[in-house]
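Trainee: Mind the numbering: the sequence shown is residues 1 to 755 in full-length UniProt numbering, read in order.
Think of the hints as simulated: they come from the structure by calculation, not from any bench. None of the values given here were measured: they were computed from a predicted structure. A virtual CB, placed ideally from N, CA and C, is assigned to each residue, including glycine. Check each hint, because a few of them may be wrong.
[As the list claims (entries may be wrong)] Label-pair ranges, simulated between beta-carbon atoms:
hint : residue 1 : residue 2 : range
1    : S497      : S642      : 39 to 47 Å
2    : K735      : Q421      : 19 to 27 Å
3    : Q421      : R391      : 39 to 47 Å
4    : E175      : Q554      : 31 to 39 Å
5    : G657      : A161      : 36 to 44 Å
6    : A548      : S62       : 46 to 54 Å
[What the hints assert, rightly or not] Keeping only pairs whose Cα atoms sit at most 25 Å apart, straight-line, the calculated BS3-like set for lysine-lysine is:
hint : residue 1 : residue 2
7    : K545      : K226
8    : K226      : K2
9    : K226      : K279
10   : K623      : K686
11   : K2        : K129
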Amino acid sequence: MKVTVRTLCEFAARAGDLDHRYTPAPSAEEGMAGHTRVQERRPLSYQKEVPLAGICEGLQVSGRADGYDRVAGRLEEIKTHRGDLSRLSPAQQALHRAQLRAYGALLCREQQLKRLQLTLVYYDVNRDKETPVTETATADELWQELVELCRAYAEWAKQEARHREYRDGALAELEFPFGDFRAGQRELARTVYVNACRGESLLLQAPTGLGKTLGTLYPALMALPKAGQDRLFFLTARNTGRRLALDGLAMLASAQPARLPLRVLELVAKGDACEHPDKACHGEACPLARGFFDRLPAARLAAVNQAGPLTSGTLREVALAYQICPYFLAQEMARWADVVVADVNRLFDQSAILHGLTRQNDWRVSLLVDEAHNLIDRARAMYSVTLSQQRLLALRRSAPGELKAPLNRLARAWQALVRDQGAVSFDTPSLLPVIPGSFTGALGGLVSAITDYLTEQPPDYALQELMFECLGFGRLAESFGDHSLCELTVRGRGRASLAIQNLIPADFLQPRFAAIHSTVLFSATLAPGIYHRDLLGLPQHTGWKEVASPFSAQQLTVNMVGHISTRQADRERSCQPIAELIAREYQRQPGNYLAYFSSFAYADAVREVLQREAPGVPLRYQKPGMSSQERAAFVEGFTEDSEGVAFAVLGGSFAEGIDLPGNRLIGAFVATLGLPPFDHWHQILKARLDQRFGAGYHYAYLYPGIQKVIQAAGRVIRTEQDRGRIWLIDDRFGKPEVRRLLPGWWFADKAAGGS
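Generate coordinates for the entire structure from the input sequences, incorporating the hints supplied.
Mentor: Written out as structure tokens, the structure is:
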């Protein structure tokens with residue numbers, strides 16, 4: 001059995017408290033650069049990146065030490081950090097020491113050394129300063145310590161090997177939970193299975209109602225043993241998708257003749273798992289952080305022995321039984337789960353745990369991403385950040401004395417930034433071709449000062465939030481390029497904002513996809529595939545598959561309303577004819593309808609006309625900023641017996657992700673092409689996309705807009721028994737370039753009607 005030194009030490013050498021005080025670590029790029037700087041200072045007798053391996057207690061232990069000076073007889077392990085070294089917790093320092101001594105044991109055994117000097121080199125990336133911590137140990141001492149670590153890990157490793165054998169055997173014989181597949185579902189499953197076995201990437205468009213969740217999970221699980229894959233990640237952009245995946249996995253497990261030995265883990269946000277949100281995350285403040293690593297082994301064993309999936313609720317019960325933090329128990333169990341169900345940010349965000357574990361353990365991962373049409377916008381948000389000058393000035397007034405100097409320095413950098421841009425008109429963003437080093441330097445100084453301050457003081461959440469924003473901005477500034485833009489907006493004296501906004505997430509996501517063995521991104525709206533491939537950074541050879549819809553054109557009447565324009569200039573005069581159309585069709589066939597518009601203002605204007613012209617039509621409407629309870633009540637208002645027209649905004653909460661089969665919804669009016677606004681930001685986006693891909697208008701406007709239209713219209717037909725109608729209200733829907741982007745089954749074997 002193989003194990004890396006890092007994994008071995010993280011499993012067996014950690015002890016004491018969990019400590020997640022505000023000690024921002026260097027980025028991966030800063031860490032690599034720091035290692036290189038330290039290594040370049042060493043003499044010619046210094047060997048960099050020393051591969052080491054050995055057999056201990058039946059385990060094949062391997063790793064790569066940072067450096068060895070054969071003349072001095074000194075082995076080094078380099079750790080990068082920011083600011084005061086005393087902020088490193090005892091648990092972190094003990095782990096670093098254990099890793100170094102494990103490398104030392106392997107080196108002594110390999111080169112038959114009797115003694116060795118061991119140096120932990122802590123390198124501060126902010127101050128370009130090395131702090132060495134040196135000790136000397138005998139080969140016998142080091143080997144005995146390695147033996148103890150391996151003994152602690154070996155039994156667990158044997159258990160894991162047995163589990164993998166049972167798991168793969170069961171998955172190879174996995175039974176589908178139903179007697180037969182739905183129409184199109186077999187083709188879907190076959191496609192996913194072949195893609196996983198070949199280790200390829202695929203964009204898969206499959207219509208609503210096909211059973212995509214089960215139709216992708218089943219073949220992906222079956223392929224794990226054949227493809228030699230270690231893990232399956234099922235990621236989604238919505239909580240409802242996570243629930244559907246867990247339900248699908250439970251259904252698969254219950255359909256097997258014997259217990260399915262499959263560890264399923266649900267990862268949730270820290271805010272949803274934290275038991276003490278009012279307490280700082282370290283042993284001196286939180287009882288569930290105190291002694292965390294001492295009690296973790298027993299909790300970890302209890303978790304893997306759970307009969308069912310490790311949902312957030314189940315993990316909470318296990319964690320509290322052992323008095324440790326549920327959130328960080330889940331982070332630990334991500335190392336040992338076969339299937340992880342989580343939000344997309346757990347793989348694609350800047351500090352994503354699943355990406356880190358995949359790289360660290362060299363896992364072969366099968367990836368499924370549900371509702372993948374949302375990933376472009378989600379990824380843009382992950383790699384965007386905004387700083388507020390007003391907030392900085394407000395904090396400066398109340399800041400403690402220790403922070404006055406770095407806050408003043410940043411305030412001066414803000415002033416210089418605004419001044420150097422010249423006469424910037426209020427509320428009109430000014431583009432910065434580069435981000436001044438003086439500004440990012442002032443940000444870095446403030447981050448260091450705040451982290452030093454928070455180490456010794458009670459939690460200050462305003463300072464903490466500012467620190468993380470500054471840190472995030474600094475990291476994105478380091479990788480600033482044509483994939484993003486930097487905007488300075490001035491809204492008055494002392495009221496500027498500076499934003500890095502990502503335009504093309506491909507540059508950040510490409511390494512994430514490259515680390516995955518097989519990928520399937522699926523949704524009902526992924527066409528055209530090249531658009532998603534380009535913007536998400538998928539491999540050039542990524543395949544495309546569209547599964548035929550189980551629905552027929554006879555179920556859906558599509559009405560092209562070509563005599564109305566919903567363009568911005570025509571909106572006011574379009575309200576009357578749209579209201580008349582809705583009233584006429586409702587009176588012809590009363591029932592539940594949704595009417596979609598490009599904005600709340602547009603929806604309200606048409607609703608007011610309809611209310612005046614046809615007061616007998618029951619109306620409901622979406623409001624801005626509705627709570628989760630209000631959104632749920634809105635959806636529950638669609639019943640088999642209710643009637644009326646509900647107004648909603650295209651691209652909002654009620655335009656996708658809601659299921660209204662049967663008479664709960666019999667028709668939808670889509671009074672917009674869904675195009676984003678022709679504003680400053682989208683015009684810049686169009687120009688960048690044109691420059692990079694030669695398809696600016698289509699990538700910035702047309703494809704995202706039509707995608708929203710198809711999602712909204714897809715609420716009408718949910719099952720093979722449903723019947724319904726949609727009205728596409730705008731003359732542009734009749735244009736060939738728009739028409740060919742709409743689902744083919746809408747029009748198959750019949751001509752679309754008109755109104």
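Trainee: Now tell me, hint by hint, if it's right for this structure.
Mentor: These are the hints, each one checked on the structure:
no., hint, in the structure
1, S497 - S642: 39 to 47 Å, "holds (45 Å)"
2, K735 - Q421: 19 to 27 Å, "violated (41 Å)"
3, Q421 - R391: 39 to 47 Å, "violated (20 Å)"
4, E175 - Q554: 31 to 39 Å, "holds (34 Å)"
5, G657 - A161: 36 to 44 Å, "holds (41 Å)"
6, A548 - S62: 46 to 54 Å, "holds (49 Å)"
7, K545 - K226, "holds (22 Å)"
8, K226 - K2, "holds (21 Å)"
9, K226 - K279, "violated (47 Å)"
10, K623 - K686, "violated (30 Å)"
11, K2 - K129, "violated (36 Å)"
The structure fails to meet hints 2, 3, 9, 10, 11 from the earlier list, while all remaining hints are met.
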